[in-house]
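2 protein chains.
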Amino acid sequence: MGNIHDIARLAGVSASTVSRVLNNHPYVSTEKRQAVLDAAEQLHYEKNINAVHLSRGKTETIGVILPYVNHPYFGTILSGIAAAAEENGFKLMIVQTKYDVNQEIDALNMMKLKQVDGLIITSRECPIEMVEDYSTYGSIVLCEAWTGSQMSSVYINHFKAFKEAITFLKDRGHSKIGYTIVRVDGKSSIARRNAYEEVFHYVRDEWVFDNSLTIEDGVRVAGEWKELEKRPTAMLITNDFVAAGFILECRRLGFQIPGDVAVIGFDNHPIAAPLGITTIDLPLQRLGEIAFQQAISPTEITHQEVPFTIVKRESV
Amino acid sequence: MGNIHDIARLAGVSASTVSRVLNNHPYVSTEKRQAVLDAAEQLHYEKNINAVHLSRGKTETIGVILPYVNHPYFGTILSGIAAAAEENGFKLMIVQTKYDVNQEIDALNMMKLKQVDGLIITSRECPIEMVEDYSTYGSIVLCEAWTGSQMSSVYINHFKAFKEAITFLKDRGHSKIGYTIVRVDGKSSIARRNAYEEVFHYVRDEWVFDNSLTIEDGVRVAGEWKELEKRPTAMLITNDFVAAGFILECRRLGFQIPGDVAVIGFDNHPIAAPLGITTIDLPLQRLGEIAFQQAISPTEITHQEVPFTIVKRESV
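Protein sequences, first through last, are from chains F and V. For the first sequence, the tail end lands on 316 under full-length UniProt numbering, and the numbers increase by one without skipping. For the second sequence, the tail end lands on 316 under full-length UniProt numbering, and the numbers increase by one without skipping.
Accuracy of the hints is not assured; some may be wrong.
Which copy is meant is left open, because identical chains are indistinguishable; a pair holds if it fits in one copy or across any two.
Unchecked claim - Subject to a maximum C-alpha distance of 35 Å in a straight line, what follows is the list of computed DSBU-like cross-link-like pairs (lysine-lysine):
1) K176 / K160
2) K187 / K112
3) K226 / K160
4) K98 / K163
5) K98 / K230
6) K312 / K170
Rather than coming from a laboratory, the hints here were simulated on the basis of the structure.
Construct the entire structure; sequences and hints are all you get.
Given below as structure tokens:
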């Protein structure tokens, strides 16, 4: 691949003429323009999209920050983003952060470096102020409740969803309710604790099971639940993979669902239906599609809450 | 962000001098070089990674072609690729193709356009000859059995894995064995039919269940299996999500696993353990990691078969 000097040499013009042609500036004679384009063609120069991006200042690429690429919650959001990107002829640049702040900063820098036009943050560890600083470089979309003027957001109201699930269990006679979270200090974990306290005023720490993200975690939580002296009669499990592991392990241990322990899940993942899990349906695919639209609309800051619904099955 | 003409104006030099400096060419006086760098700095020009990529001819980005981003088989491969990319400071550009040839060509063009240094094709619809044409533009890694000299490959031997699974069932007394596939004309579907015919010489078409990719598909296949006049006594189900749906629906319909129908799955997804699914463990995370290493080693073409193992549980 030639650079602009090779093109200039081949076309018999100056490098600045080459630049003018490649940047679509006026004031170049038709003859010289053609010579440059012919030389560029011959040297495959026009094949370098970075030159096009450089001249346009646009990349038609959106960055996506995900803690885990291979997790059903984030995978479904990604699937919605990917479907919308496909429809709009955009590419996606993805960064798996595992909640490592350095990885997140690295991803934020993609926008500063003009590698992407916009950035969707599905979940984060680094402070919001740090994120906001980057909003001068392009559009940032947060998948969390946020109503500031610089960044768009699309989110599920985790406080409301959790409170509705707790109330659903309470209305069915449960007062000893345990629940799972991913990270103790995560934003949705804090929202969930607040919701719990609004309904029951007090949370027993041993009824909160953290680091609950995978099917294996659900199996582990079932073991921990079994060992408790005062076992919760109902579990609110914040994703259906964890709920699946919990239910299958409880059954293996000889417990009845919902007889010994009722379970309500989150997400309405395809595993929930054949396992009969009552769950909070979260429109994650739709959330991803909205996030993409917001990311390509930098001048229009919006904040959208997506609705959730309870899907009643047999586990409560 | 300024372009090179703005920088030239501010630095009081010609655009070709700016180009020379930004492309790291020699023969520019220290004084002029500094003036250009100062102006570029002032105009935030140096912040555009596309200029850096343009001058270096490298993007430190690898493209990944996936039929589905949110599917456990491809998701696990992606997770391995993402882990290796993270470790090596690379970014990933992903394209979800849904086996649409136009999407695949679009993705192949990312490399022609120098948007990525290399490309990993986890699965494809378009002809191999078409893919091979693009190998002159950068490294292409195929996640399928391929031994040509222009592209690296890392793969599971689906023929061997399928034959071993069939033999495992045959050794346990089964002669009526059904199986699932995703696409009738997919490469691994053809390999599987060949393996089946090597063991049993003949495949009953009604025992081959196609379009089987998701948990819901597994539920559907259970319904179809139930309706057969001659039901297979064993099912070889080519991913554990489909196997999970099949098993849960069979149980719901009152059938015993393995009493009424034995099941062997594929992948050893985390859902397999709590459901007691006997399965072929495929090291997909590792496969993704190897694919990434191959993608960043363009001068070293290798072909690596990754091993599989049978994990015995209760479903056979």
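Structure-based check of all given hints:
Taking identical chains as interchangeable, the C-alpha atoms of K176 and K160 lie at most 35 Å apart only when both belong to the same chain, with a minimum of 20 Å there against 52 Å between chains. Within a single copy, K187 and K112 get their C-alpha atoms as close as 26 Å, which meets the 35 Å cut-off; across copies the closest is 42 Å, which misses it. For a Cα distance limit of 35 Å, the shortest separation of K226 from K160 inside one copy, 29 Å, qualifies, whereas the shortest one across copies, 42 Å, does not. In this assembly of identical chains, K98 and K163 lie within 35 Å of each other by CA distance solely inside one copy; the values are 28 Å within and 38 Å between copies.
For the identical chains of this complex, K98 and K230 are intra-copy neighbours only, at 34 Å inside a copy versus 49 Å across copies, given an alpha-carbon limit of 35 Å. Taking the closest pair of Cα atoms, K312 and K170 come within 35 Å of each other only inside a single copy of the chain (15 Å); across copies the shortest separation is 42 Å, beyond that limit.
Checked against the numbered hints above, the structure violates none of them.
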